[in-house]
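**Q** What follows is the residue order along each chain.
There are 2 protein chains.
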Amino acid sequence: MATVLKASPIVKQYAADLKQECAKLKANGITPFLKVILVGQHPPSVTYTKNKKKFMEGIGAKCEILKLDEQVSEKVFIETIASVANDKEVHGLFVQLPLPKALAHIDVGQLVPSEKDVDGFHANNLFKVLSGDCGEKALVSCTPKGIITMLKHHKIDVTGKSVAIIGRSLIVGKPLSMLLTNLNATVTLCHSRTTQLKEITKGADIVIAAIGKAKFINKDYLSDDKKTIVIDVGINYDASGKLCGDVDYDDVENHCSHITPVPGGVGRMTILSLAQNLIKAASSLAKDS
Amino acid sequence: MATVLKASPIVKQYAADLKQECAKLKANGITPFLKVILVGQHPPSVTYTKNKKKFMEGIGAKCEILKLDEQVSEKVFIETIASVANDKEVHGLFVQLPLPKALAHIDVGQLVPSEKDVDGFHANNLFKVLSGDCGEKALVSCTPKGIITMLKHHKIDVTGKSVAIIGRSLIVGKPLSMLLTNLNATVTLCHSRTTQLKEITKGADIVIAAIGKAKFINKDYLSDDKKTIVIDVGINYDASGKLCGDVDYDDVENHCSHITPVPGGVGRMTILSLAQNLIKAASSLAKDS
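Chains as they are written, first to last, in my numbering: chain H, 154 to 442; chain G, 154 to 442.
You may find that some hints are simply not true.
Here are a few chain G residues that sit away from chain H, every Cβ distance over 10 Å (derived from the structure) [said to hold, decoys possible]:
hint : residue
1    : Ala176
2    : Ser236
3    : Leu252
4    : Pro266
5    : Lys305
6    : Ile388
7    : Tyr402
8    : Asp404
9    : Glu406
Label pairs and their in silico Cβ distance ranges [stated by the list, open to error]:
hint : chain 1 : residue 1 : chain 2 : residue 2 : range
10   : H       : Gly285    : G       : Val229    : 26 to 32 Å
11   : H       : Gln224    : G       : Ala235    : 43 to 49 Å
12   : H       : Lys179    : G       : Lys305    : 53 to 59 Å
13   : G       : Pro251    : H       : Gly285    : 17 to 23 Å
14   : H       : Ile309    : G       : Lys305    : 38 to 44 Å
15   : G       : Gln166    : H       : Ile309    : 46 to 52 Å
Think of the hints as simulated: they come from the structure by calculation, not from any bench.
In this text, a Cβ means the ideal position worked out from N, Cα and C, and glycines have one as well.
With the hints as constraints, model all of the structure from the sequences given.
**A** As structure tokens, then:
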């Protein structure tokens, strides 16, 4: 049986640290404040933003969800981001994705100032990931950061390990490939045009699925030695409407050494990263002011 | 026998295009102007900057080398960059690397405004490489850009091909891995901590060596089918003082399908990229003014 890499005990531990840091900031008159811009009422987005708000409040931070109408004009949308960005009370800000079609062309990551970009989408923050300069002020993309936190927590040293990432998005695959390369892993970044995907994943020590296809990775993609570490970034629904990942968990769990569950795995780590970025942003902004 | 991917005919063709574009800009009162900051008298750097100046002048652009003393203070060095950056006559600017030890900690790429950053080192330009948004205004790192130009010129489609890059620098390996990923190649980014390097390169359709070790890659690193495309980014000197690459050319040339020579390969493509970036920067700045 594989070791199940559950987020819950990790999140509990780190949340306690964040609560302390938050209390310290509050003692100095700074209440970490996250503002979320939510356009429309896309049900999963409503749920995600609620979960994020609950988590931030749980560590003692302030969180407000600013709701905009689905039909909001581009002008008003951009002005709203600018106005929140300029609010000195706000330390972190992000726009919940996906956006309605009419706004989907806007690269919101570049509209949020890099020092408040708790999603880690801004050029300056991605540059830090690329260059390996992820020091005190870097706000690292939440999902990749959460995966690294999880691996480190379980003392999984990636040095010299081969990692196959499936999915080349700017939010997960690309920044994660850079973070893992900086940590001395050898990363193969796979995608929809990759040929011989199974050969690559079978040869990998760690397989990270960020494809967006329900139960895509089954045991045929894994080495026969049952030593693969499987990280599942996907959030999908299967044919029966049940939440599932990009990995066919039931098929894979007896054919790997470690596996992250869905739900309760990478998704929860992502919210933890967001909170870590908020506290980091609030601390940095407090120091600079 | 492998096809030798010589830069010279490609450079000749593209230089003619650049000459025309330069003439057009000059007809509109804009003389593309590159300024190079050279600290000290490191002999290879003196040669490189001279070669770059000669090439820029060959296409009709203006190029000046601003020489600073090796002992220049950090303050004066940074002020010099700022002053050149603010000069409205200057369209492109870069600092010849390596810098003397006392200045080596400075990330000069971030001191040059992104719109004049013809080296492609600025966060905004690397972000464009990462996101795949390498449109009209993007200034792409010169060596990776030169390699892509060479592959495209030879109609080598990288879609679905497996590429092993050896070397994870911010100047070559990392941006090149992103450019090739954006072009649908499946890239494995290898480095000094990679285990089973030979296994990876033997399985690759394209091997790109950017390690900085003379003649490191020999035929043992290549597939037996002699179909590998070998790109050599290295500029080293062998035991007898002769210029050579990271690839043992004599050992490899009969065991691959294509190979770039050193000298006369990637190095010359890099200077072409610099000139392309200069003309692009001058055109963009002219449009914006």
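**Q** For every hint, state whether the structure bears it out.
**A** The hints, checked one at a time:
no.: 1; hint: Ala176; verdict: holds (34 Å)
no.: 2; hint: Ser236; verdict: holds (24 Å)
no.: 3; hint: Leu252; verdict: holds (17 Å)
no.: 4; hint: Pro266; verdict: holds (14 Å)
no.: 5; hint: Lys305; verdict: holds (17 Å)
no.: 6; hint: Ile388; verdict: holds (23 Å)
no.: 7; hint: Tyr402; verdict: holds (26 Å)
no.: 8; hint: Asp404; verdict: holds (24 Å)
no.: 9; hint: Glu406; verdict: holds (27 Å)
no.: 10; hint: H:Gly285 / G:Val229: 26 to 32 Å; verdict: holds (29 Å)
no.: 11; hint: H:Gln224 / G:Ala235: 43 to 49 Å; verdict: holds (46 Å)
no.: 12; hint: H:Lys179 / G:Lys305: 53 to 59 Å; verdict: holds (56 Å)
no.: 13; hint: G:Pro251 / H:Gly285: 17 to 23 Å; verdict: holds (19 Å)
no.: 14; hint: H:Ile309 / G:Lys305: 38 to 44 Å; verdict: holds (40 Å)
no.: 15; hint: G:Gln166 / H:Ile309: 46 to 52 Å; verdict: holds (50 Å)
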